[in-house]
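Undergrad: Using the hints provided, position chain B relative to the given structure of chain A.
Protein chains: 2
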Amino acid sequence: MEVITSLDNKKIKEYAKLLKKKYRDLNNKFLIEGRHLVLEALKSGYLEEVILTYDEVIPIEVKKTYVTKEVIKKLTNVLSVPDIVGVCKKLEEKEIGDKVIVLDGLQDPGNLGTIIRSAVAFGVDTIVLSNDCVDLYNDKVIRATQGMIFHINIVKRNLLEFLPRIKNEYQIIGTKVTHGIEISDIDLQDKYAFILGNEGQGVKEEVLDLCDCYANILMDDMCESLNVGVASSIIMYELYKKGRKV
Amino acid sequence: MEVITSLDNKKIKEYAKLLKKKYRDLNNKFLIEGRHLVLEALKSGYLEEVILTYDEVIPIEVKKTYVTKEVIKKLTNVLSVPDIVGVCKKLEEKEIGDKVIVLDGLQDPGNLGTIIRSAVAFGVDTIVLSNDCVDLYNDKVIRATQGMIFHINIVKRNLLEFLPRIKNEYQIIGTKVTHGIEISDIDLQDKYAFILGNEGQGVKEEVLDLCDCYANILMDDMCESLNVGVASSIIMYELYKKGRKV
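Quick mapping for you: the protein sequence lines, in order, are chains A and B. For the first sequence, the numbering used here begins at 117 and goes up steadily by one. For the second sequence, the numbering used here begins at 117 and goes up steadily by one.
No lab work stands behind these hints: they were computed from the structure. All the given hints hold, so there is nothing to weed out.
Note: identical chains are not told apart, hence a pair may lie in one copy or across any two.
Heads up, simulated DMTMM-like pairs for lysine to aspartate or glutamate below, C-alpha to C-alpha not over 25 Å straight-line:
#1 K189 x E315
#2 K159 x E340
#3 K256 x E315
#4 K180 x E164
#5 K145 x E164
#6 K307 x D337
#7 K358 x D336
#8 K159 x D336
#9 K159 x D337
#10 K307 x D336
#11 K357 x D241
#12 K179 x E118
#13 K357 x E298
#14 K210 x E340
#15 K272 x D241
#16 K358 x D303
Pulled out of the complex, with its shape left as it was, chain A reads as follows:
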């Protein structure tokens, strides 16, 4: 069996380029790391092939390329080098569901990954990313999703066009730290889009202008605001509980 040992191998160099957004966009592919993510990608039909070291034994039917530890290091940004890396095609955008979370300008990859993970935990259908959000296929985003990226519909939209288009059908709820209805008191409609904003600035003014109402989270005055991953998760948790009570 062939094992790639050269750091200059052409195929590996091509894959390593997928660590950069530009090449992910160009090839419509992205990398994932570790056994757990590879299995999740396989189940969801997005896995195209794997690159692995001899330490990894994985009984799956997919194209396999064996490499040395030194070579697989080229395919990751983290210090704890994985024994398996998967090459996936980018996720297909599906139709917008009924329970929608909209993220306006989110910048931190850890936050985006955490929100995707919580969204699956709390039964959200669809996540809509504004065009200025951090790249969904950034390796830190993928790691933070813990594989949940393959279990939810995620689409990218210009919010100033998208929100007016769904406004008749969906209840559009914005978040402001100091304004609005407490989240557990919101009179929720069947179809809703809940908007959360950027880490520093929150939801943009022109996006807030498109909302039907505003919500916030009950908390102590001592603290100005919550981490956006936490705030989103608490909101999705409350909406999930409401949905279960009906």
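TA: Frame of chain A; chain B shown alone:
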């Protein structure tokens, strides 16, 4: 006015050492970055002095050392170099309050910082860190607290000694992903200690053995678990709401 321009300046070299845990422990001091954190530290009485560039104008009465941009770079691990860095003495441990969050072996600095921020938002008195938690004064922890580190009592304990000692007085609640009472249904006592665990392994078995009951968060089967910063925050949020209803 004197401005330090040399990267070899003795004082700056001493401060730069505080980026390492070993020297923070040795000197009982730590660094904070940016105006917001400096003001929070000042209010709380932990700020000893500041190092700043000429771009920063801050009308506070504390020992000031002016340096160049190149010099202040030595005092941070981040690429976006701050214009002001504060030197603080480490936080004093105070008496354990009534509403306690216990963290068992938490490793990710972002998670610890987020939990501290949420704890202040949701009126927790005291955070107890097990001895094997990530260092509280790690720069990533401090950044993620958004200044809230100065507004809560944080202590470090050997949990296997600490928990038996408070067991008569406090309700000790552990978290397991798949066991226990749903968090909103818990019959909460006046004094409680809520235990959350490590990112990968959760709460240690020997610590779980010391609990009076277990709690979990209502969620969809599709997702195995939540990020620990999110899980902690949802729990603290629910306990805060309960407290407000009484």
